[in-house]
Amino acid sequence: MAEKFDAIVVGAGPSGNSAAYVLARAGLAVLQIERGEYPGSKNVQGAILYSHALERIIPDFREDAPLERHIIEQRAWMLDDDSYVGSIYRSNAFNRPPHNRYTIIRAQFDRWFSRKVQEAGALTICETTVTDLHMDGSRVVGVQTDRAGGSVYADVVILADGVNSLLARKAGFHGELQPRDVALAAKEIHFLPESAIENRFNVQGGQGVVIEMAGKITRGMVGTGFLYTNRESITIGIGCLLSDFQESGISPYALLEQMKMHPAIHPLIEGSEMKEYSAHLIPEGGYNAIPAVYGDGWLMVGDASMFVNGIHREGSNLAMTSGQLAAETVIELAKEGRPMTANNLARYRKKLDDSFVIKDLKKYRRMPDILEHNHQFFTDYPEFLNRAAHTMVTVDGVDKKSKEREIRSGLVTRRSRLGLLGDAFKLWRAFE
Amino acid sequence: MIKVEEKLFQNRYRVDAGRPHIQIVVPDVCQLKCKTKPCTYCCPAACYTQEGDGRVTLITDGCLECGTCRIICTDHRNVQWEYPRGGYGILFKFG
Chain A
66 MAEKFDAIVV GAGPSGNSAA YVLARAGLAV LQIERGEYPG SKNVQGAILY
116 SHALERIIPD FREDAPLERH IIEQRAWMLD DDSYVGSIYR SNAFNRPPHN
166 RYTIIRAQFD RWFSRKVQEA GALTICETTV TDLHMDGSRV VGVQTDRAGG
216 SVYADVVILA DGVNSLLARK AGFHGELQPR DVALAAKEIH FLPESAIENR
266 FNVQGGQGVV IEMAGKITRG MVGTGFLYTN RESITIGIGC LLSDFQESGI
316 SPYALLEQMK MHPAIHPLIE GSEMKEYSAH LIPEGGYNAI PAVYGDGWLM
366 VGDASMFVNG IHREGSNLAM TSGQLAAETV IELAKEGRPM TANNLARYRK
416 KLDDSFVIKD LKKYRRMPDI LEHNHQFFTD YPEFLNRAAH TMVTVDGVDK
466 KSKEREIRSG LVTRRSRLGL LGDAFKLWRA FE
Chain L
4 MIKVEEKLFQ NRYRVDAGRP HIQIVVPDVC QLKCKTKPCT YCCPAACYTQ
54 EGDGRVTLIT DGCLECGTCR IICTDHRNVQ WEYPRGGYGI LFKFG
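Protein chains in written order, with the numbering used here: chain A, 66 to 497; chain L, 4 to 98.
No lab work stands behind these hints: they were computed from the structure. Glycine included, C-beta positions come from ideal geometry on N, C-alpha and C. Please note: incorrect hints may appear among the correct ones.
Stated by the list, open to error - Quick partial rundown of chain L residues pointing at chain A, CB under 7 Å, derived from the structure:
1. 7
2. 57
3. 70
4. 74
5. 75
6. 86
7. 89
8. 90
9. 95
10. 96
Build out the structure end to end from the sequences listed, making use of the hints.
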């Protein structure tokens with residue numbers, strides 16, 4: 066198998082599939098290597114598909130992609146032990162095609178995307194783990210796989226091997242991930258009849274709901290929970306900073322189990338059949354944790370490059386766009402007859418900088434640090450909001466002015482006036 | 004007490020018998036030097052167990068391949084972590 070390709074793509078997730086598809090469609094000889102039994106069998110996501118990124122790559126994807134429900138309603142809950150306060154945005158505008166976002170099941174979706182990649186002309190081989198990069202000096206010239214005689218060579222290698230990014234780490238392209246730079250999420254998929262989901266969530270005909278949650282469910286850790294409606298199933302999960310798990314001594318499965326028992330959540334999944342339990346790291350270090358994403362003979366895309374917008378729960382769209390931009394860089398250089406040197410591949414970083422990928426990450430560059438050091442946003446505030454709501458909603462003969470006083474003094478006791486001011490400033494800086 | 008085994012029972016695996024993809028480098032380090040043993044509570048598949056004498060045993064059969072143990076062993080770097088051979092390990096039905 067000592068063949069030479071124009072490009073090798075390691076991994077068949079959203080970033081790898083996007084890169085391989087765009088490259089193959091342009092007529093380049095592309096080898097894509099995936100370690101799973103089939104593309105998707107190693108991949109875990111919530112999962113929400115944001116249409117815009119895929120539309121730019123496969124405009125008519127809706128014709129045959131396995132999509133679960135289009136999302137018409139987004140709920141954000143702040144939970145206390147017994148209660149939640151929240152906001153809901155639901156709009157009939159989200160029912161009008163083309164739909165903005167969908168729930169998907171990754172094992173099915175990635176398989177579909179991979180079929181498109183192969184139809185575009187790429188050679189995709191599965192059940193093959195890339196164990197090392199082949200170097201010529203400082204230049205990547207190919208990959209070593211775990212197949213017998215499994216060396217393959219190419220002008221450029223695109224690393225789409227996910228959050229752990231072992232290949233780039235082994236090659237010394239970047240350092241080890243820190244526990245504060247990743248969230249550990251545990252998730253289950255629960256099956257229910259379609260009609261039960263539509264009744265419980267007040268939707269019909271392919272409409273779906275997402276619920277994002279923060280507060281007591283993370284037991285003081287920086288993190289969020291989520292619940293997404295698929296066609297005949299619900300995915301429910303919770304993720305917190307790995308450094309917080311490390312300090313708290315709490316196990317992710319215990320946290321998930323406790324979340325499922327919350328009185329506001331339990332009725333939504335009651336009577337369902339759990340069919341899979343999964344866990345995954347989410348790179349949430351943000352802009353300041355982005356490693357080098359190109360070098361001599363290589364480019365890095367998707368989770369491996371820390372391209373996740375934790376605040377807006379976006380990742381697969383950043384992955385797809387980064388894969389597309391990497392591929393377009395390679396195609397341009399190939400057409401111009403330029404070699405795949407670091408200097409030339411720097412064009413990829415420029416394209417990223419000009420796209421929403423880096424623009425959004427840069428906007429929230431202070432967020433990871435602020436959240437990590439200010440746990441009150443996940444403890445005191447959700448609790449305060451719930452107790453304030455409870456005070457105002459309970460009718461008990463106490464006059465409303467007194468109730469307002471009670472709520473105000475509760476807030477000041479909890480955070481102090483200076484603390485409140487400081488928190489407001491931090492949030493403004495984080496979102497600025 | 005949550006039985007994570009019941010959760011893992013729903014999953015599909017192809018175990019590479021006799022070839023675990025993760026190994027503890029020096030068992031004594033876990034037993035004698037590591038005070039907190041975060042792998043024993045952070046691993047979402049509970050692959051790491053603390054024994055009565057402080058030893059840590061690792062059984063990778065239920066591994067979800069997330070990478071937590073690799074990253075969390077910050078003090079001692081005592082985990083040798085590779086992906087399973089191609090086609091082996093967890094096979095997500097849904098993901």
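Checked hints:
no. : hint : result
1   : 7    : 5 Å, holds
2   : 57   : 16 Å, violated
3   : 70   : 4 Å, holds
4   : 74   : 5 Å, holds
5   : 75   : 6 Å, holds
6   : 86   : 5 Å, holds
7   : 89   : 4 Å, holds
8   : 90   : 3 Å, holds
9   : 95   : 5 Å, holds
10  : 96   : 6 Å, holds
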